[in-house]
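A.B. asks: Protein chains in written order, with the numbering used here: chain A, 1 to 185; chain B, 1 to 286.
Since the hints were made in silico from the structure, they are not lab data. Nothing here was measured: the structure is a model prediction, and the numbers come from that model. Some clues are possibly wrong.
Listed below are the simulated BS3-like cross-link pairs for lysine-lysine, each with C-alpha atoms no more than 30 Å apart in a straight line [unchecked claim]:
1) B:Lys115 / B:Lys78
2) A:Lys43 / A:Lys107
3) A:Lys43 / B:Lys277
4) B:Lys285 / B:Lys71
5) B:Lys135 / B:Lys78
6) B:Lys19 / B:Lys78
7) B:Lys19 / B:Lys115
8) B:Lys285 / A:Lys82
9) B:Lys115 / A:Lys44
10) B:Lys261 / A:Lys107
11) A:Lys82 / A:Lys44
12) B:Lys277 / B:Lys261
13) A:Lys43 / B:Lys78
14) A:Lys44 / B:Lys277
15) B:Lys19 / B:Lys71
16) B:Lys285 / B:Lys261
17) B:Lys135 / B:Lys115
18) A:Lys107 / A:Lys82
19) B:Lys261 / A:Lys126
20) B:Lys71 / B:Lys135
Derived CB-CB ranges, DEER-like [to be verified]:
21) A:Glu67 / B:Pro85: 29 to 35 Å
22) A:Gln37 / B:Pro14: 32 to 38 Å
23) A:Lys107 / B:Leu22: 42 to 48 Å
We treat Cβ as the ideally placed atom computed from N, Cα and C, and that holds for glycine.
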Amino acid sequence: MSPFSFFKSKQEQGALGNHGNADRGIMVFENTSEVIQAENVLKKEGWEIRVMGPPPEIQSGCDLVVEFPLIEELNIFRTLEKEGLPPLEMVPVTSPLLQPVDLFQIKDFGEHIMVRAANMKLTVEKATGNIVNVSGGGCPDVPYLAYEMVGQTLTNAPSPREIGHTLCGYALQLAYEEIQRQCSP
Amino acid sequence: MLAIVGTVPSEGFPIISGKITLDDGHIRIDDERVSVNRGTTALMAAATKTAETLGRPAPFGYLVGDIGRGKGSRHLYKYLTEQLPHANFQTLTFHYLQPILNWHEHLQQAIDEMKERPTLIADAGFMYAAKMSGKASQYDLFTPDIGELAFLADEKAPHPFYTRGFMLHDENRVPDLISRAYAHNNAARFLLVKGRQDYLANREGILETVDNPVEEALEAMGGTGDTLTGLVSALIDSGMAIEEAAVVAMKTNRLAGHYAKPTPATQVAEIIHHIPKALAEILEKR
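Okay, chain A solo, but in the shape it has when bound (with noise of 0.2 Å):
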């Protein structure tokens, strides 16, 4: 389950306006137990979290929310995925109804082919379905995400949800998925 699936639209509220905080994140939970878990879990695992309550803009889950370093949000997710732990929802302290990115851009080469979602950009090479080129990005899982995947074909590769730790990390994730629905037959 995507854990951003469960926003709720509603006006839009407030900008960087708290600087303070603009790298932080909030994650939603179904109920408090999860939110004494999971508080366990990411500590111990030496994360800078804290549990507060939720922001009025956030309408699902408990009267508990964790507060993490937003742009660690795949690695923070992948960890309580494989505790049994997956947030309901993992959004920004600054902008709780903002939307990760949901548009591609698609450039047909001829023999290769490139999305880009939000900041990141993959390639790939039609006929064999390796990937020739990761571009973009700005966190440093970017440069180790192209060393393992560039030279890989799609279906050997490991995915960006598997081994990144980044927001720029889960944007090459989105990519990696739409490329695939463009490849597939």
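Knowing the structure of chain A, use the given hints to seat chain B on it.
C.D. replies: Quick look at chain B alone, frame taken from chain A:
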């Protein structure tokens, strides 16, 4: 002197610092030899080639290993807050670092303690932190691509992953996005926007565009933005005004790309190889 700060995709790689030299497709700092492929090492290699061509001293590099967990970035942030107040750099370029606000704040304080404030250039993750901090205007140059420009223009987005759909990513909207980034104080003094057409802009509007030669395949190549940032950093450090350095860098990067005869599968080391020839040609035409 120019200093470049960033990461390599290797967990456990220690903090290294020192003059950057080039060594057969690798950069060398201290005793460490790292391959040039994409990311900060590509930026460092491009800046070093540019400095060599200009007859300038080699840039200084700070590198640490980080694969996205942020541990290496945190160590390097801490190290820099201790080192920078005593350093003497005219130009400082920040690149692939985990965007962490409180460390960005500490680093700003360390830069404030430097004897002379350097020209500050930010790209990649550090540019994201600079925008999130609300202190983008304290920087002299950001070098976003179109996707990152949309993020700078979206006053609500804390990361490009959350850029709202109506911003994304029509190259025809670049002038609007630039205006919007400045209107919300989310841009540096100058913006160098990398794309099918490159733009140099400031708060007053678009100052220059460069669109020739066109190599469609460059958009797919990882590292072409890194080489552009390396070029412009070294040119600025040579004493060129930012406006002029940006135009020379845009033209040189495109020409070096053209000489590489790229396909979407070409790797960025090919472009770096052609920088001296392309730069000499552009400088001669000035």
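A.B. asks: All hints are to be evaluated individually against the structure, with a verdict given for each.
C.D. replies: We went through each hint and held it up to the structure:
1. B:Lys115 / B:Lys78: holds, 19 Å
2. A:Lys43 / A:Lys107: The hint is violated at about 43 Å.
3. A:Lys43 / B:Lys277: violated, 53 Å
4. B:Lys285 / B:Lys71: violated, 46 Å
5. B:Lys135 / B:Lys78: holds, 20 Å
6. B:Lys19 / B:Lys78: holds, 20 Å
7. B:Lys19 / B:Lys115: Given that 30 Å is the threshold and the Cα spacing comes to 21 Å, the pair holds.
8. B:Lys285 / A:Lys82: violated, 59 Å
9. B:Lys115 / A:Lys44: Between Lys115 of chain B and Lys44 of chain A the Cα gap is close to 42 Å, so the pair fails against 30 Å, i.e. violated.
10. B:Lys261 / A:Lys107: The given pair, whose Cα atoms are some 19 Å apart, holds under the 30 Å limit.
11. A:Lys82 / A:Lys44: holds, 14 Å
12. B:Lys277 / B:Lys261: holds, 14 Å
13. A:Lys43 / B:Lys78: holds, 22 Å
14. A:Lys44 / B:Lys277: Violated, at roughly 54 Å.
15. B:Lys19 / B:Lys71: Holds. Lys19 of chain B to Lys71 of chain B sits at ~24 Å (cutoff 30 Å).
16. B:Lys285 / B:Lys261: holds, 22 Å
17. B:Lys135 / B:Lys115: holds, 21 Å
18. A:Lys107 / A:Lys82: violated, 36 Å
19. B:Lys261 / A:Lys126: Holds: Lys261 of chain B and Lys126 of chain A sit about 20 Å apart, inside 30 Å.
20. B:Lys71 / B:Lys135: holds, 24 Å
21. A:Glu67 / B:Pro85: 29 to 35 Å: holds, 32 Å
22. A:Gln37 / B:Pro14: 32 to 38 Å: holds, 36 Å
23. A:Lys107 / B:Leu22: 42 to 48 Å: With a Cβ separation near 32 Å, Lys107 of chain A and Leu22 of chain B fall outside 42 to 48 Å, so the hint is violated.
In this structure, the hints that do not hold are numbers 2, 3, 4, 8, 9, 14, 18, 23, in rising order.
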